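**Q** Here the structure of chain A is known, so what remains is to put chains B, C and D in place on it, guided by the hints.
4 protein chains.
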Amino acid sequence: MPGNSFGQLFRITTWGESHGPGIGVVVDGCPAGLPLSEKDIQVELDRRRTGQSKVTTTRKEPDQIRFLSGIFNGKTTGTPLAMMVENSDADSSKYELIKNLYRPGHADFTYDQKYGFRDYRGGGRSSARETVGRVAAGAVAKKLLARHKIKIFGFTRQIGEHIAQNFSQKEIEKNIVRCPDKKVAEQMIDAIMQARKEGDSLGGVIEVIAQGVPPGLGEPVFDRLDADLAKALMCLPAVKGVEVGIGFEAARLKGSECNDVFITKNKKITTETNNAGGILGGISNGNDIVVRMVVKPTSSINREQDTVTQKGKKAKIRVEGRHDPCVAPRAVPMAEAMVALVLIDHLLRNQTSQL
Amino acid sequence: MPGNSFGQLFRITTWGESHGPGIGVVVDGCPAGLPLSEKDIQVELDRRRTGQSKVTTTRKEPDQIRFLSGIFNGKTTGTPLAMMVENSDADSSKYELIKNLYRPGHADFTYDQKYGFRDYRGGGRSSARETVGRVAAGAVAKKLLARHKIKIFGFTRQIGEHIAQNFSQKEIEKNIVRCPDKKVAEQMIDAIMQARKEGDSLGGVIEVIAQGVPPGLGEPVFDRLDADLAKALMCLPAVKGVEVGIGFEAARLKGSECNDVFITKNKKITTETNNAGGILGGISNGNDIVVRMVVKPTSSINREQDTVTQKGKKAKIRVEGRHDPCVAPRAVPMAEAMVALVLIDHLLRNQTSQL
Amino acid sequence: MPGNSFGQLFRITTWGESHGPGIGVVVDGCPAGLPLSEKDIQVELDRRRTGQSKVTTTRKEPDQIRFLSGIFNGKTTGTPLAMMVENSDADSSKYELIKNLYRPGHADFTYDQKYGFRDYRGGGRSSARETVGRVAAGAVAKKLLARHKIKIFGFTRQIGEHIAQNFSQKEIEKNIVRCPDKKVAEQMIDAIMQARKEGDSLGGVIEVIAQGVPPGLGEPVFDRLDADLAKALMCLPAVKGVEVGIGFEAARLKGSECNDVFITKNKKITTETNNAGGILGGISNGNDIVVRMVVKPTSSINREQDTVTQKGKKAKIRVEGRHDPCVAPRAVPMAEAMVALVLIDHLLRNQTSQL
Amino acid sequence: MPGNSFGQLFRITTWGESHGPGIGVVVDGCPAGLPLSEKDIQVELDRRRTGQSKVTTTRKEPDQIRFLSGIFNGKTTGTPLAMMVENSDADSSKYELIKNLYRPGHADFTYDQKYGFRDYRGGGRSSARETVGRVAAGAVAKKLLARHKIKIFGFTRQIGEHIAQNFSQKEIEKNIVRCPDKKVAEQMIDAIMQARKEGDSLGGVIEVIAQGVPPGLGEPVFDRLDADLAKALMCLPAVKGVEVGIGFEAARLKGSECNDVFITKNKKITTETNNAGGILGGISNGNDIVVRMVVKPTSSINREQDTVTQKGKKAKIRVEGRHDPCVAPRAVPMAEAMVALVLIDHLLRNQTSQL
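Protein chains in written order, with the numbering used here: chain A, 682 to 1036; chain B, 682 to 1036; chain C, 682 to 1036; chain D, 682 to 1036.
Be careful, since some hints might not be right.
In this list, chains with the same sequence are indistinguishable; a pair is considered to hold if it fits within one copy or across any two.
Result set (DSBU-like, lysine-lysine): computed pairs, CA atoms no more than 35 Å apart in a straight line [claimed, not checked]:
no.: 1; residue 1: Lys864; residue 2: Lys935
no.: 2; residue 1: Lys948; residue 2: Lys775
no.: 3; residue 1: Lys863; residue 2: Lys878
no.: 4; residue 1: Lys832; residue 2: Lys935
no.: 5; residue 1: Lys756; residue 2: Lys830
no.: 6; residue 1: Lys946; residue 2: Lys851
Honestly, the hints are just simulated from the structure, not real lab data.
As the structure is a prediction and not an experimental result, all values here were calculated from the model.
Pulled out of the complex, with its shape left as it was, chain A reads as follows (with noise of 0.2 Å):
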């Protein structure tokens, strides 16, 4: 099956270029009397748009969602729903004269490569905006899963080499980089604001948590809850790797150190740890889920780089269009939303398992 596709019962199609229209989703698969009101998307949209803060890039676009199907008197009616957003602040112009050079870290050359040729203009679908449709996507699982008492949320663990080393829920979303350690998320600002003077980029890691997730999802022994997760975030642009729990601390650790030890607490079997994440062989065990996943430095960089052009030859480069200097703080609301779309569609999978 062609790749636009994701989640098997809840699952999304997601459309659009960079410079195109628009971009859009279609929910296929979302149960029907569901209350939702484009409001109920735009909260999220706003949390990924550009132009929120002075640590994101400029371009302004007010992604302004629009319902065009499978909602009726308010409710959604289990027929697809399909979401759109117009582009609007779209400028080709910049692009024209990079179109026949490759951008280090990019996807010009493999999408080259893969097709042919490819929409040059700002990234075509290979860019960040494709996104949009996944996190609108992903507002309609999460309200979906706040029926079933689960809450996701994410939040900056570390940029460059700053790492957060206290963690306070509420001064997430209080500061423009989304981190939990209000000292270290000042840090983190300046680090960002000093690596654009310099039209360089920064890296990241970001965490989400799943709490309230019941026992039982995961469908092994391909599609572990685990195994989707990954999968799920990996597909993020700029994602090179993903954690469970511990990750990959795991390494160094003996068995007796990482096994979480099961203990009886409020009439339920839990762990007395979390190393394991929440999941044990690809199975929820009811413990929070904890994922996280390393964004790589903006590849688009203000500075003169080396490349070739379409033909081969050695060329020189700088990025000119606006870019983020560090996509961490608008990751966050786009791995949140892969993570509550894997757990609706497991959660949706998960019905069928016992007589």
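**A** Below, chains B, C and D alone, put in the same frame as chain A:
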């Protein structure tokens, strides 16, 4: 769809439990005309087999592969290739003792939660024995890839604190931990033997490299090559994290450090460095594909641990079955198989990208 | 998976309701490089449009297609092709009267049962208006097929008691019922006008022929070409039966009468007769593909019928909306579209059958 | 995706050739907790078995089912249920004679075209022997459906010119052609014996009825219940047409004759007549599901026919293997199995339609 199939065009479905009649796989979508013998499969199964060295479990399974369908006159017919291995050395008696206890770090609890009960003999379906089918299918994938000059190999990069410092591809299969650094291999072996003596276990990191992959593989935006690789590795038992190329290191880098500059070499466009791990925008760029996964220390340890019974009562457990003190060495062929399955699938999928 | 997508490699997802903002389709998997304009689509939409002749409903929808993504410089990019038609002449007022009644032969009752409620305006999602998206996608498929010298055309074989006796391909699009027999076409038109006058409706049989289909298309054992064609036609509104080649007539024949004998013609192996309708063992044999479907008489009739309310109380109903007295003429382009979608999908799928 | 899997949530994958080691199926998605024994499967396999009466082929296959996985303590575990039947009475010698000839009406030519060569022994994968796996899986589906009070039965409605006039359900399994009309059954048997004597074969029509199906099953707009049933039946060997309810008769009717009027009966809304065959808008309406399929006369006939060699040279062929002179009687359990597979799949899918 249920979770026991993997791949879109080269699609495998595995079946079987640790202590059932056998373990098998159906490969659907293998092109017709590939010369294939049981020996082609056996060589890979022997690499993942138990009892192959002192660092693996002592369970002795010959794991003799048998073709059940899909071959005629020594060639694949284009119809389903079914393969099976009979279980032979299954000793279920030890599991009677712990059938009402939840082993820390195991899927006992989550299978019970999901399905209402579980086949407790040897972990049932959650056993790593299930990967026999994957490795068998991966052997077919490798043979197909070889016709396209694509070669895959994996190795152990880290066990516990021991990290390979030097890289010699020839060394890998010469030592029992499959480490490309002879000296570190010895340290790893000592560490494993020591952990076994203490009734404990160790984690590790596996790396897989695919050479000769043409540019163009991967289906944005969801079935990106990196995303499918992430899922492929994360759905192996005990894996808690996955990286592509520079991986989590990307968080600390600046764009000017992380970007791989395009160059022309032997009249082909390539990149000077390979921080991307051979993938840009979810599509292969012609450079080596480089992926890593972390395996947690084996959950089954011969030490007393706290746990609870199925009814939630406090209990003690000591897991006395035969287990690998570190799964890394045997996980190498498993990881290779998963990478091979992803690559052949995307190679087939890419055939329809252009007119 | 949810039910609003069709096809494996050339995959369409339709969305939209009769009286919502619009109707659309996302085509995923269209190879890059196909020259495509909105005019290519419009010509097919105009053939399915309402109000095109006196035998169709008087609802007037211009059905102007708009590309939303997937085209760059006049060619498909290989990324999702999104298309949309705005709804304009939707008059929902008449539906207020019958929103609590179940129209005989309609999906009102079953949608209520399945989803708990329904969008009653114009049938909502169950309206034949949904096929706008299919016909638009089918136009793309036809253009791709034309590059492989595959041509598809359909016609009305039967309306009520009137069955085409002669076959002239040129005649088909010259008359408003799309019948290849000029004389019978007139009888059909008279019969439809008479039925409309009586507030009644008529059924019919549509036949579609695909010429130039190479041998080898179809994926046994489930995704046989005939099986996928059967599903493709049966999922059109009002269809109650599907046949391939000789169809139901086969029940009366002996093997010696039914078998198509192999011959060599122009150095190619073919069959003397075509009772098989171009398909053997679920795979195309190079002969014309011949399929038929029966459409029931339009359920909405301007006559009083017995029915019940949503609460199950006896009631009378007369459906006064604007409806086709016979859907056959407009079902011809719909059936062609579905056949085209199946063929392009299988053409792409067959590219990986052999090494 | 390759073509050897069927179903979305209750998904089967069949494997095996007529003269290979065996025939099998993997059922993925069967809910955990269903009591299931090999006897449950065997009873259905015995109904499709060869050699069960004088009107079937004399090939004698005991078709003894063996569970390979997915059962623990007599219940399904929720993990893949693998089942296998060994081939025993395969006599490949007769096929040597015709391996270079194309049997009229067979898949020999199309398999060669698709795959480059074929397993010519007994038709290989295109043999009706492949349906063993379907019938085995169908037996599981039937058992699950029975828990929901859904009952499925099929019968032979027509063989050659002989059409059942009376309907007695009890009669069906009492005669060897599975006809609900005792008198016509005898005529059918005589006709088959006569055809066999003449080295010829007969076609027929099978009808399947499902009782107790709740309203709401079916996923518009493509995975409509009728569309999936059409595919399910059309992918059986030798089937050339499929009908639901009134079927092709609908072409001759007026809307006022064809519409099933809604009534209330036992406090439930239902329809007075059942021309719709229990399906409206692609969704079950609670009435009996009624489907029919036509099977062509067996292609293998013991008479000299014209054909060509693989190289296209004229030749004569007489097919002397052991074949059913009419497949209708043995096709009854096959058709039932396919209907059962569709219904259980849609029953599971419908669980997520509403909040």
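**Q** Next, verify each hint and record whether it holds.
**A** Going down the list of hints, with the structure as the test:
1. Lys864 / Lys935: Cα proximity of Lys864 and Lys935: in one copy and across copies (34 Å, 22 Å).
2. Lys948 / Lys775: Answer is between: at 29 Å across copies they meet the 35 Å cutoff, but 62 Å inside does not.
3. Lys863 / Lys878: Close inside one copy (23 Å), not across copies (46 Å); limit 35 Å.
4. Lys832 / Lys935: both (32 Å within a copy, 33 Å between copies)
5. Lys756 / Lys830: both (20 Å within a copy, 32 Å between copies)
6. Lys946 / Lys851: within (26 Å within a copy, 52 Å between copies)
Going down the numbered hints, you'll see the structure goes against none, and every one checks out.
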